[in-house]
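Engineer: Hints given; two lone chains; assemble the complex.
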Amino acid sequence: MANGRGGSENYAGPVKRLLTGLVLLVLFGLFLFWRIDSPRAERLRAALVDAVVPSLEWAMVPISKGADMLESARSYAQIYDQNQELRRELRQMRAWREAALQLEQENAKLLDLNKVRLDPKLTYVTGVVLADAGSTFRQSVLLNVGARDGIIDGWATTDGLGLVGRISGVGANSSRVLLLTDPESRVPVTIQPSGQNAVLTGDNTRLPLVEFVEVPEAVRPGDRVVSSGDGDVFPAGLLVGQVALGPDGRQRLRLAADYERLEFLRVLRSAPPEPIMSPGELVGPVMPEDLAPDLAEATDG
Amino acid sequence: MGSGRAFELWGYRGLYVGAVLLIVLILMLPFGPSAGRLPGPDLILALTIAWAMRRSDHLPILLVAAAMLLADFLLMRPPGLMAALTVIAVEVIRAREGQWRDLPLVLEWLIGAALIVAIVAANALLLAVFFVPQPTLGHTLIRLILTIGAYPITLFAALYIFGVARASGREGEFGARP
Chain B
148 MANGRGGSEN YAGPVKRLLT GLVLLVLFGL FLFWRIDSPR AERLRAALVD
198 AVVPSLEWAM VPISKGADML ESARSYAQIY DQNQELRREL RQMRAWREAA
248 LQLEQENAKL LDLNKVRLDP KLTYVTGVVL ADAGSTFRQS VLLNVGARDG
298 IIDGWATTDG LGLVGRISGV GANSSRVLLL TDPESRVPVT IQPSGQNAVL
348 TGDNTRLPLV EFVEVPEAVR PGDRVVSSGD GDVFPAGLLV GQVALGPDGR
398 QRLRLAADYE RLEFLRVLRS APPEPIMSPG ELVGPVMPED LAPDLAEATD
448 G
Chain Z
397 MGSGRAFELW GYRGLYVGAV LLIVLILMLP FGPSAGRLPG PDLILALTIA
447 WAMRRSDHLP ILLVAAAMLL ADFLLMRPPG LMAALTVIAV EVIRAREGQW
497 RDLPLVLEWL IGAALIVAIV AANALLLAVF FVPQPTLGHT LIRLILTIGA
547 YPITLFAALY IFGVARASGR EGEFGARP
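As you go down the protein sequences, you meet chains B and Z in turn.
Heads up: the first sequence begins at 148 in the numbering used here, then just goes up one per residue.
Heads up: the second sequence begins at 397 in the numbering used here, then just goes up one per residue.
Please note that the accuracy of each hint is not assured.
In silico negatives: residues of chain Z with every beta carbon more than 10 Å from chain B [to be verified]: (1) L421; (2) F427; (3) L499; (4) A546; (5) P548.
Below, in silico cross-link-like pairs of lysine to any residue (SDA-like), each with a Cα-Cα straight-line distance of 25 Å or less [unchecked claim]: (6) B:K212 to Z:R433; (7) B:K163 to Z:G407; (8) B:K212 to Z:I422; (9) B:K163 to Z:I422; (10) B:K163 to Z:L405; (11) B:K212 to B:A198.
Reference excerpt, derived from the structure (chain B facing chain Z, CB under 8 Å, subset only) [claimed, not checked]: (12) L177; (13) L195; (14) D279; (15) N351.
Calculated directly from the structure, the hints in this document are not laboratory data.
Glycine is no exception: its CB is placed at the ideal position from the N, C-alpha and C atoms.
Just chain Z, same shape as in the assembly (with noise of 0.2 Å):
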């Protein structure tokens, strides 16, 4: 039975992983130039947080911190900046698994937003104190709005595409913590 749900595990596990390099594909493909273009959302970020909500033990700790270091590379963003926010939000979800597990849709999203302002917040704090340039402020806000919104599109895709069941859903083995 162990070996069973290791291996439905790892499947989400690779599903993640397979999904967020498809976005970064798809956001790579040269369709004519994106200057002067409204920001879309950051799919990435919202896909993580939103599967992190519902599973966070599909998401370890090294499996993030892999998948967003090479969304940094291959998208040209600061390396390991994204990464580490990112990183310690799924974390902080983690850490808060049992409390956030059965809330309402609104309530979840609301929290999921509140993590995403929080990571943007970060990285563009940082990105001021050690003089990177940034995108304009007004971009940066639409791009999060726009993130926000995206939240529980991603959620769906995670719940009815990627087939992720809330875990007391299931047989509860990953729930009742002490």
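Next comes chain B alone, as it looks inside the complex (with noise of 0.2 Å):
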């Protein structure tokens, strides 16, 4: 445009000024957008990373992977301690894999018993991490999956163990990744034996809070935390990681999924469960067929 003119002496004053003007006015303009519609800004975002970010993998990839050997090289040095310590958590491993064993069966049994049917529809895409966030203060992740994909805003990301995060920002072939540490990041969680509701809420710390608890007393670090499925933000059931006491003495949570090697994650899919509309119908004996055929398919279902 304009500025093929060279140095800035060719502007006649007020032309300068007026562009200046214009730049400052379109900027400006651009983030009060953002503030009032932020999905939709966000979704030109989402499409500038999948313009930008994939074409460039070409530059990043040997970086990185320069950076991995320099890392593992280091590790060289610690590989005999690094050897004893893998051995004593195998034989660990192997007393659990025992255990895990015997309790898969017996849990077979029971579920045959009970004649319960597991949820089909936790299929997953997995994805290769392609950059991250770029900035201290937002944590979040670029996987080389998205909308080609069939990757869909909000469906939840495991490292294969732990929870991750959630799909924030979808283009044609990238998807972001918010994790829990972000201090956007709110996820409905259920902390295990006492079986208590809590928001899980980043701060950008390595360790996200816990809070709104309702009996704080009843909770206690290392216990187990996995998503509650409420608001149908997640599929119920995943685990998150344990509660932990943190440094300034609030409640918070270590996380299970590995943060420090994010490589492959795993997108589920899940479709939202069915809302129920209707209150209960009341359960008694089967109506005959022809005086009401929908509310006998009600009561069967």
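Structural biologist: This is how it looks when you write it as structure tokens:
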């Protein structure tokens, strides 16, 4: 555009001032637009990131691979200790594996007796982490799967073990995962043995806060925390982590997902549960079909 | 002669955009979580101010606006705000180019620091006015101090890595304002 003319002296004073004013107007206007209609502006951002980042992958891959190699070279120094530690852990794992196998058999038997059908809808798409937010104040990562792979905003993301975050912003070939540590992340969770509901609030530290617990005395460090499925944010029962006491004395969460190594993430395909539209029907003897065929259907199901 | 100079000028402009892109790229590399770590300096801001103090003719307004807007979008910042504030700072520098060109380093650093403080303060103020959630005051201050500390480093990078020279040290074509 007009800047093809080179040095600033070439502009006449008023034209230059007009241009400056115009640029500032556009930029502040964009900020206002983002503030007023955030979803639309974020879609714009997702589209831009989608256009820029995957095309720069060739430049990013060598740098990050090199840094990874440096990191692993450093870890060679402690390889003996690591080996010993792994052996110890392996022994423990064997014991746990036995326990898990026994429990699995028992569980299978019980499920069979109860005729329980597990939710078949939880299939997943696996994506590779391309980039992160690039700022110390925002916590998110960019995956290389997007709308093309059927990703939808709001789906849960795990690293195979624990919850990592939720999809927030989808481009054609990329999608952004808002991590649980981001200051804007809020996830309804259940604390396991006591069954209390809480909200997991990110605050830009490694350990997000566990807030709005009804009886904080009943919650102890080490309690398991799973997603509660409230508000249809996530499917219920995904492992999130363990309660820990933060250095500030507040209840926080040690995440089960390995945030140090986010490389491959699973995006769980989940359909929202069917809404309950009507109040419950009376459970009684089966109605004759000619009277109310639709009611009979409802009580059967 | 004119075309050769234009070529050189556009080379520097390209270099600036390339440097901004490189910083964004390095920041975006997935090196584990940044949560709980201390914030680093805002190298893009420091570089832009340092470069503009030396050669504002390398940074036409549309180029600065576009580069900063791209950084805003890619680094998950509120789009447009930092870009607008940086554009204002660059325009302020441009308007006083004649007076600020041959200052000693310490004085130049002070002026650059004042501009950076003004940008960060205006940014925080506007975010507060529009009720946008912000990082804590402590983190913002640490980042501000580190950015001011990074100013001479980015200045030397601009001078010796990118080869930006003072206008008065060359033919002085862009010097001597009416």
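Engineer: With reference to the structure, classify each hint as holding or not holding.
Structural biologist: Checked hints:
1. L421: violated (6 Å)
2. F427: It is violated; F427 (chain Z) is separated from chain B by about 6 Å at its closest Cβ, not greater than 10 Å.
3. L499: Non-interface label stands for L499 (chain Z): nearest chain B Cβ at 20 Å, farther than 10 Å.
4. A546: holds (14 Å)
5. P548: holds (22 Å)
6. B:K212 to Z:R433: Between K212 (chain B) and R433 (chain Z) the Cα gap is close to 22 Å, so the pair holds against 25 Å.
7. B:K163 to Z:G407: holds (23 Å)
8. B:K212 to Z:I422: holds (13 Å)
9. B:K163 to Z:I422: violated (34 Å)
10. B:K163 to Z:L405: holds (19 Å)
11. B:K212 to B:A198: holds (23 Å)
12. L177: holds (4 Å)
13. L195: holds (5 Å)
14. D279: This interface hint holds because 5 Å falls under the 8 Å limit.
15. N351: This interface hint holds because 6 Å falls under the 8 Å limit.
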